[in-house]
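Engineer: Under the numbering used here, the residues of the sequence shown are numbered 76 to 182, in order.
Any given hint might turn out to be false.
Said to hold, decoys possible - Each pair of labels, with its calculated beta carbon distance range:
(1) Arg77 with Gln126: 17 to 25 Å
(2) Lys101 with Gly124: 17 to 25 Å
(3) Arg106 with Thr79: 26 to 34 Å
(4) Pro81 with Pro135: 14 to 22 Å
(5) Glu97 with Pro135: 12 to 20 Å
(6) Lys122 with Lys145: 16 to 24 Å
(7) Thr103 with Gly124: 30 to 38 Å
(8) Pro131 with Ser85: 17 to 25 Å
(9) Thr79 with Gly167: 27 to 35 Å
(10) Arg155 with Cys86: 25 to 33 Å
Stated by the list, open to error - Using 25 Å as the maximum straight-line C-alpha spacing, the simulated SDA-like pairs for lysine to any residue come out as follows:
(11) Lys122 with Lys146
(12) Lys88 with Gly109
(13) Lys132 with Ser98
(14) Lys132 with Phe144
Hints listed in this document are in silico derivations from the structure and should not be mistaken for laboratory results. In this text the structure is predicted, and so the values were computed from the model without any measurement. Ideal Cβ placement from N, Cα and C applies to all residues, glycine included.
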Amino acid sequence: MRNTYPSDISCEKFEKIRLILESVRKKTKPRRLGLYELFCGVLYVLKSGCQWRMLPKEFPRWRNFYDYFKKWSKKTNEDRENVLEIVFKKIGWREQWSKYQNKLLHH
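Could you build all of it, start to finish, from the sequences and the hints given here?
Structural biologist: Spelled out as structure tokens, the structure:
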């Protein structure tokens, strides 16, 4: 069990976006890390502005979070929205995504 951080999303908000996040990954084998944990790790980097490799040690391997960030950042439709844009809009955090997306794509 890891510490909670101000960047963590509530379980209630997470349940609103769980299916959207799950839709990105093929279901060929069970996920080793919980989706909530992965999403909170991505939020930690977005809000803190730290580099992926600087995630606190209590989080699992940084590469896991970065790989999911890349998947969720890929454009998904003709409107050019990606999964992170869609989920942030759904939970009311669209402005935060706009603020950090360019910076993080170059980490």
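Engineer: Taking the hints in turn, state whether each one holds.
Structural biologist: Against the structure, the hints come out as follows:
1. Under the hint 17 to 25 Å, the C-beta atoms of Arg77 and Gln126, about 19 Å apart, fit the expected range.
2. Distance hint check for Lys101 and Gly124: the Cβ-Cβ separation is about 31 Å, which falls outside the suggested range of 17 to 25 Å.
3. Restraint check, Arg106 to Thr79: a C-beta distance of roughly 21 Å breaks the suggested window 26 to 34 Å.
4. Distance hint check: the CB atoms of Pro81 and Pro135 are about 20 Å apart, consistent with the given range 14 to 22 Å.
5. Roughly 18 Å separates the CB atoms of Glu97 and Pro135, a value that falls within the hinted 12 to 20 Å.
6. Between Lys122 and Lys145 the CB atoms are about 18 Å apart, so this pair conforms to the stated range of 16 to 24 Å.
7. For the pair Thr103 and Gly124, the beta carbons lie near 34 Å from each other, so the given range of 30 to 38 Å is met.
8. Distance hint for Pro131 and Ser85: a CB-CB separation of about 20 Å, consistent with the stated range 17 to 25 Å.
9. Thr79 and Gly167 have their C-beta atoms about 20 Å apart, which leaves the hinted 27 to 35 Å range violated.
10. Checked against the hint of 25 to 33 Å, the pair Arg155 and Cys86 passes, with Cβ atoms roughly 30 Å apart.
11. Restraint check: the Cα-Cα separation between Lys122 and Lys146 comes to about 19 Å, which is no more than 25 Å; the hinted pair holds.
12. For the proposed pair Lys88 and Gly109, the alpha carbon gap of about 16 Å is at most 25 Å, so the pair holds.
13. Pair hint Lys132 plus Ser98 does not hold up; C-alpha atoms about 28 Å apart against a cutoff of 25 Å.
14. For the suggested pair Lys132 and Phe144, the alpha carbons sit about 18 Å apart, so the restraint of at most 25 Å is met.
The structure does not agree with the numbered hints 2, 3, 9, 13 stated previously, though it agrees with the rest.
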